[in-house]
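K.L.:
Chain by chain, the residues:
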Amino acid sequence: MSKPDYVEIVEEIFYKTKEKKTEEFKYVGKDVVRWDAISKISGQPVYTADLLRFIKNPVFVYSVRAKYAHARIKGLDVSDALKYPGVLAVLTARDIPGINDVGYVIPDQPLIADRKVRFIGDTVALVVAESLENAREAGELVSVDYEPLKVYLDPLEIIDPETLQEKPHELIHDERGSDILTRYKIRVGDVEKAFKEAAVVVENKYETPFQEHAYIEPEAAIAIPEADGGVTIYAKTQCPFDTRKAVANVLGLPFNMVRVIAPALGGGFGGAEDVGNEIAAKAALAAIRFKRPAVLLHTREESIIGHTKRHRTISWYRHAASRDGTLLGVEAKIILDKGAYASLGPFVAWRAVVHSTGPYKVRNAKVDVVAVYTNKIPGGAFRGFGNPQVTFPVERQMDILAEELGMDPVEFRLKNILRNGDRTVHGQLLDHGVGLEEAIKKAVELSGWYEKRRLYASLKGPVRRGIGIAIFYHGNSIGAEGADYSSVSVIIQRDGSIVFRTGLTDMGQGAIQGLINILAEVLGVPPHYIKVELADTSATPDAGPTVASRSTAMGGNATLVAAYKLRKRLDQLAASLLGCKSPDDVVIEAPKVYCRDDPSHTITWRELVEQAFWKGVPLQEFGYYRAPPAEWDEETGTGAPYFTYTYGAIVSDVEVDLETGLVRVKEATTVYDIGRVVNRTGAELHAIGGYIQGMGYALMEDLYYDSEGRLLNTNLSTYHIPTALDTPEKFNVYFVEAGYYHAPFGAKGLGEPSIVAIAPSIANAVANALRSREANKLVSKHPLTPDYVYSIIKKAGVKP
Amino acid sequence: MFYKLPSFEYFKARSVGEALELAGKIGDYRFLAGGTDLLVDLKIGRYKPRAILDIGGLRELSYIINDGSRVRIGALTRLEDILRSSVVRERLPLLHEAVYHMASWQIRSVATIGGNIGNASPAADTAPPLLVHDAIVKTRSVRGERAVRLEEFIQGPRRTLLEPGEMIVEFEVPASPGLEEYWAYRKFGRRSAFTLSVVGLAVGAEFLEGSPVFKVSLNSVAPKPVRARSVEEYLKGKTLTDSVIETASKIVQQDISPITDVRATAEYRRHLATVLLKDALKEIAGRLRR
Chain A
1 MSKPDYVEIV EEIFYKTKEK KTEEFKYVGK DVVRWDAISK ISGQPVYTAD LLRFIKNPVF
61 VYSVRAKYAH ARIKGLDVSD ALKYPGVLAV LTARDIPGIN DVGYVIPDQP LIADRKVRFI
121 GDTVALVVAE SLENAREAGE LVSVDYEPLK VYLDPLEIID PETLQEKPHE LIHDERGSDI
181 LTRYKIRVGD VEKAFKEAAV VVENKYETPF QEHAYIEPEA AIAIPEADGG VTIYAKTQCP
241 FDTRKAVANV LGLPFNMVRV IAPALGGGFG GAEDVGNEIA AKAALAAIRF KRPAVLLHTR
301 EESIIGHTKR HRTISWYRHA ASRDGTLLGV EAKIILDKGA YASLGPFVAW RAVVHSTGPY
361 KVRNAKVDVV AVYTNKIPGG AFRGFGNPQV TFPVERQMDI LAEELGMDPV EFRLKNILRN
421 GDRTVHGQLL DHGVGLEEAI KKAVELSGWY EKRRLYASLK GPVRRGIGIA IFYHGNSIGA
481 EGADYSSVSV IIQRDGSIVF RTGLTDMGQG AIQGLINILA EVLGVPPHYI KVELADTSAT
541 PDAGPTVASR STAMGGNATL VAAYKLRKRL DQLAASLLGC KSPDDVVIEA PKVYCRDDPS
601 HTITWRELVE QAFWKGVPLQ EFGYYRAPPA EWDEETGTGA PYFTYTYGAI VSDVEVDLET
661 GLVRVKEATT VYDIGRVVNR TGAELHAIGG YIQGMGYALM EDLYYDSEGR LLNTNLSTYH
721 IPTALDTPEK FNVYFVEAGY YHAPFGAKGL GEPSIVAIAP SIANAVANAL RSREANKLVS
781 KHPLTPDYVY SIIKKAGVKP
Chain B
1 MFYKLPSFEY FKARSVGEAL ELAGKIGDYR FLAGGTDLLV DLKIGRYKPR AILDIGGLRE
61 LSYIINDGSR VRIGALTRLE DILRSSVVRE RLPLLHEAVY HMASWQIRSV ATIGGNIGNA
121 SPAADTAPPL LVHDAIVKTR SVRGERAVRL EEFIQGPRRT LLEPGEMIVE FEVPASPGLE
181 EYWAYRKFGR RSAFTLSVVG LAVGAEFLEG SPVFKVSLNS VAPKPVRARS VEEYLKGKTL
241 TDSVIETASK IVQQDISPIT DVRATAEYRR HLATVLLKDA LKEIAGRLRR
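So the sequence lines, in the order shown, correspond to chains A and B. Those letters in the first sequence? Residues 1 to 800, by my numbering. Those letters in the second sequence? Residues 1 to 290, by my numbering.
These are calculated hints, taken from the structure and not from any lab test. Certain hints may be false.
[Said to hold, decoys possible] List time: in silico BS3-like cross-link candidates among lysine-lysine, alpha-carbon distance up to 30 angstroms:
#1 A:K460 with B:K4
#2 A:K83 with B:K4
#3 A:K18 with A:K74
[What the hints assert, rightly or not] Computed from the model, here is a short list of chain B residues facing chain A with C-beta under 8 angstroms:
#4 S15
#5 V16
#6 S192
#7 F194
#8 T195
#9 A264
#10 Y268
#11 R270
Ideal Cβ placement from N, Cα and C applies to all residues, glycine included.
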């Protein structure tokens, strides 16, 4: 069977450059100033809400939210709101021309609630008014007749943790007949036998909290009606093509009548996936109805209540090991607190089950993951996507096991990790770059692991130090979630400047810079020749969603393919113009183009492009890449879920005050195997940014609800994220480059991986600082707030 | 939930005299100084005044004067000005330290000391240092001036002795060589900066006939910032030995009555009060030994 040409191109370039050191590239792996840095720091209008200044005669859309976390809607009276000055309409579920649903994976989430509300962020009506103030004020006058229902905040009220069976209760999703959203499992080997033969068995219950994305830009959407009955929407969305689909469904329009443009996003982290669909659909409804631009702007409070969070989890883990420290088996039950709607929960649960045994050789495993609806803000996509929630318990278990076995945590891990040629728990053969061992060894070296481990064990006094390691792997891209493809278009203009288009978005993560570096490297032009167009469903090729750490590998491959084809044609032309021996001898160092053996004889890039124009050499190219299909057996949890994995090792060095329970991270070491560094600045800042976000998750972030299901910390003065003063004094950042042959120059993703193992590395460091076998087991949930850590210190009787 | 500023009448005073006159006339009003607390409180509906009386621009109440035995601070002095004042740093180092740990540069640049005290939050961070200094709150109305001890002035959460038509004009803060040298401040929050106190604590020592008199104050552990009178009583005439410090830091439990909220549990706050006091007293003991 012959390979598609795009696969051959990617492989050809990989093998040709496999031995080339990253330092020897011209743009790949270099510190290049991002394409949008100057406009962002100089305050240019790059974000959605900025565009409001260019909009004339808009209407404003405000979402009236539920008063109860769980209630039936018996009636709705909008007459008072309609009388309010400036109000044009109050839209309810009945005003939706298409399908009243914005569920991301399954259709369980009405855009405007009709029968019942399931959490406090549910929208019951949209007020459309001449000003945002009018709309908000009128919103208070919408009167809803509710029949309050029992509010479920704890998934264990709905599911029995022993049997994992649903308990009788008042259904949140009565239309589904069950509040169990989804179940996944792994059944590999003989777990019973493994535990019977084990010398050491360790078991514990773990909890991880909800996490708010806390992106700097709250949601915004501007919809502009088009003359042909269509609509153009500028919206904060990570995935404009998914947003288009949702809006078209709500409006009952064909896809080509809905145009979604994603301006720069002030942070996404996964949070701008489904909320983007919701805000775009709301604005579009009003724009179509009133034939005027419609604007929707969220306050921070609306943002926190109105968009999904990282799923909270409760899990029970059992590990078996032999006396020599070989892992024999894993048994786990993991419950995802789903909140009110599915959102991306089915995919998050799947990623959780795939990664549920960590980057270890595991032959016997029995794992169940269940996602259970509750009346809270829905869990959705968040950087890491189910993996941090399982990496925390796995990596805590590894440290507890190591202690029971009397082994150093690093030695214990090195004995069990996945290496090249091993098979994952799913039976997938790892036939390329597994840089995990190298990453661990490098992290150990950079952090001074052994010295500190010894030194900290002897410290006296109330302020202890501790050092902890956590490792992980993270499947790149979407795996078995769906068709996995990407595409870009590259058009060289007659003056030699270049227009680059892709449906991948920039949410601040900067992945597009990696694509620019790849394009510049292959074509031989400086990055500033390239202009990046906004992701636009009517003007850029669909590149799939901007999620799952897939932009660099998937978008990079598509870029590589387009650049390669253009370069081939231009080399051919340049060779004939310059008289080079072969097209392979052509050197492009724009603005200079010359033959390798005669650098003094040159033409300019612009001349080459002009000649191409006259000689009919096409200056535009479309790059496409499709990943090999993933394999997954639902019954056994086996197959090849992802085409490649990013690996990493994190070491955290902390200080713990035994009297207050306060934890401070003093030094952080992150080593990631990302195949090849294509964007040095971006990669380093991801390593640091991911660490800080993970540290917030580990130490201070959580959502607090009252018993009625109302969120108590709805803004950033009560939802605490780390400040500059909370960040470690020192970061050691290093990359291992064990390339992947089906990726651009071997590069793998880093977006999500950079948060996955932070919390467990900090928790392991805290446990190390406490120097108590009992405390080690008690460090079983986060955030590790001072009062929680102090309660462990007290319970375990840790004394200064 | 989706906070909007309610409508109100707006008055801007050009002088203290005019402010008092307007206040007397309007009746149902709130003063706007820096607005960092007021605007949020209006949005969440804590207050629904008919009018807002803007006194933020009254330069005449923005000053720090080193006046021999005391420092006088105008009610509308911005926190950032207090932070940068060498008079405060040298003569009221506890206040300097407390303000250093407050909010962010942006907020300190508009928030005023009068607002921080007048808002009467149990977590007001300028209160513990001012209480340690036995600060006097000077108020004025068309009826004249009053001077009230800060400890009495703040009555409870958001309650003060300020009467209708009356405004805070000045804080008279007695300074002493002891408090310039022998002090310790602790603020424990949910993170290292830009945070409200879970517990805040100011401790200082003054000298009476050569022997130290200890003064202790805390916030976020009671309905209002408090002086730890039982601790002070116990420490009278004692030397700060380890065992004295140990006992004193336990006695503080009699002076506080914390609650559980989003920031911490009552139990943990009680624990922190003891730990922070012990720590602070040890620091002072160290300085006293030198």
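K.L.:
Determine for every hint whether it applies to the structure shown.
P.N.:
Consistency of the hints with the structure:
no., hint, in the structure
1, A:K460 with B:K4, "violated, 53 angstroms"
2, A:K83 with B:K4, "holds, 19 angstroms"
3, A:K18 with A:K74, "violated, 66 angstroms"
4, S15, "violated, 33 angstroms"
5, V16, "violated, 32 angstroms"
6, S192, "holds, 4 angstroms"
7, F194, "holds, 5 angstroms"
8, T195, "holds, 7 angstroms"
9, A264, "holds, 6 angstroms"
10, Y268, "holds, 4 angstroms"
11, R270, "violated, 11 angstroms"
In this structure, the earlier hints numbered 1, 3, 4, 5, 11 are contradicted, and the remaining ones agree with it.
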